[in-house]
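Input sequences plus hints: build the corresponding full structure.
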Amino acid sequence: MTRFPENPSSLLPKGMFVLLPKAAARRRAIERIALSVFRLWGYQEVIPPLFEYLDVLSKALEPELVEKSYKFVDRSNGRVMILRPDVTP
10 MTRFPENPSS LLPKGMFVLL PKAAARRRAI ERIALSVFRL WGYQEVIPPL FEYLDVLSKA
70 LEPELVEKSY KFVDRSNGRV MILRPDVTP
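If you want my numbering, it's the 1-based position in the sequence shown plus 9.
Treat the hints with care, as some may be off.
Quick list of the computed label-pair ranges, beta carbon to beta carbon [to be verified]:
{"hint": "1", "residue 1": "58", "residue 2": "87", "range": "16 to 22 Å"}
{"hint": "2", "residue 1": "42", "residue 2": "82", "range": "22 to 28 Å"}
{"hint": "3", "residue 1": "50", "residue 2": "20", "range": "36 to 42 Å"}
By construction, these hints were calculated from the structure, which means they are not laboratory data. Please read these numbers as outputs of a predicted model, since none were measured by experiment. Note that the Cβ used here is the ideal one computed from N, Cα and C, for glycine as well.
Below is the structure:
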């Protein structure tokens with residue numbers, strides 16, 4: 010039998026959390042309301058990629074933010090990618 014830790018949050022990286030169904034539904038409802046208000050004011054939604062190449066994105070970010078960001082290697086070409094810290098919740 011599998012035993013789970015007393016503190017389930019210890020299964021997740023620091024700063025991460027799970028939204029259970031009730032909380033997830035509430036969050037989505039708030040998002041829908043906010044998006045509709047933004048549309049009324051003429052804004053249009055843009056969804057940027059979660060990852061970008063470090064050499065491109067780092068030009069627009071503070072060096073200390075780049076240092077703290079998660080980085081990965083694109084196995085197809087060896088370039089370093091960065092998880093966009095400016096869109097991370």
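Structure-based check of each hint:
1. 58 - 87: 16 to 22 Å: 19 Å, holds
2. 42 - 82: 22 to 28 Å: 40 Å, violated
3. 50 - 20: 36 to 42 Å: Holds, at about 40 Å.
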